[in-house]
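Chemist: Sequences listed follow chains A and B, in order.
For the numbering used here, add 293 to where a residue sits in the first sequence, where the first one is 1.
For the numbering used here, add 2 to where a residue sits in the second sequence, where the first one is 1.
Treat the hints with care, as some may be off.
[As the list claims (entries may be wrong)] List of simulated lysine to aspartate or glutamate pairs, EDC-like, C-alpha gap at most 20 Å:
{"no.": "1", "chain 1": "A", "residue 1": "Lys406", "chain 2": "B", "residue 2": "Glu111"}
{"no.": "2", "chain 1": "A", "residue 1": "Lys385", "chain 2": "A", "residue 2": "Glu340"}
{"no.": "3", "chain 1": "A", "residue 1": "Lys337", "chain 2": "B", "residue 2": "Glu111"}
{"no.": "4", "chain 1": "B", "residue 1": "Lys21", "chain 2": "A", "residue 2": "Glu410"}
{"no.": "5", "chain 1": "A", "residue 1": "Lys329", "chain 2": "B", "residue 2": "Glu111"}
{"no.": "6", "chain 1": "A", "residue 1": "Lys337", "chain 2": "B", "residue 2": "Asp114"}
In short, the hints are calculated from the structure, not lab data.
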Amino acid sequence: MKKFPIRFLGLLAALFLNIAIAGETNNDDVNILINKSIMAIQNKDYEKALSFINQAKNVNYDNNNYRLTNSDDSTLAEIYQMEGQLLEILGKKGEAISAWYNCLNYAKTDALKKEAEVHLKHLRD
Amino acid sequence: MRRVLAFIFLFFLYSCADKPVVKPDFDFTSIETIVIYPTPDFRSFAGSGTIINKSIVYQLMKMGINIVERETTPALIKEASLSQTGITQSEFDVKITSSNFVLLCTLTEFKDHQVIVVPIRTRNRGSSVTTVETINEPIITKDKIGNEIVHYETTTTETTTTQKGSLTERESVEYISSRVGMTVQLIDVANGDVLWTNTYWYTSISLTNAVHECVYGALKPLEQLLN
């Protein structure tokens, strides 16, 4: 009976370690996808760049849109910033507004917040 | 409820945004022709002024305004082909001076996009501790009854800490968007009054798009006054 809490704690520790490793892997995946998107932008292949960004967004969420990892909000804000700019250049104004709104929600720096505000105002006018 | 909050947020956003400054009580609908003066290049970005000027001409013409471009038209007048239209240099000069309204633009920012490779070094500050314990010879003692008692004296002799830090290196690619900023002024040549002024900036993945959207955003409030 006394051994149960220790085993339970061990199980919890293993689970926590597993989540931590999984989170790191997910963050690496996000970085790779962002890099791929940037390369596609360099080649002016904006559709492809957007598909990588969408994949990067989905790395951190399960099918029920539940956030799986605690990847930092500033990375998410940058993902939405890129998505907003890509959607704008592809002429998808409505979706771009949604992306910039998300960017504003996750933005940590004043500069990014201001940029999101400028884009939102520009697109709504 | 969410819609109401979104509306309040957007209203707040709109009210906080920079707005153009307009000279009150001036009839902007009387403006028919605007002379566009050359825009100086932004720092060392050669040709940036010309790029902005062409975009301004495009936007104003879309608004239905008659445009005279101060930068290129005189050079065109000198071309022999234009003599066929019957316009002479002196007539052109009159045309420019008879237009009372001049649009001046100053570039505040003009940056093309950049891709930067940032090296990221992660240092793992791990360490291992080695403790060497020495067990002495057994000590045998006897109690009052005469039974032998064996006990060992344990002493810690040495503790060594070894740094096992490792350095992991990887690269991250960062994309810095194109950014264009400008200040525009509409001036009444007759008295030198600034009738309207606005400042605007915009970012985009492509410089062309940033220029187009920045000029559009800067001149859109003027369109509402002119029409």
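Chemist: Could you run down the list of hints and mark each one as holding or not?
Modeler: Outcome of the hint check:
1. A:Lys406 <-> B:Glu111: Measuring from Cα to Cα gives roughly 19 Å; hence the hint holds.
2. A:Lys385 <-> A:Glu340: It holds: about 11 Å lies between the C-alpha atoms, which stays within 20 Å.
3. A:Lys337 <-> B:Glu111: Cα-Cα ~23 Å, so violated.
4. B:Lys21 <-> A:Glu410: It holds: about 14 Å lies between the C-alpha atoms, which stays within 20 Å.
5. A:Lys329 <-> B:Glu111: violated, 28 Å
6. A:Lys337 <-> B:Asp114: Measuring from Cα to Cα gives roughly 14 Å; hence the hint holds.
Hint compliance for this structure: hints 3 and 5 are not met, and every other hint is.
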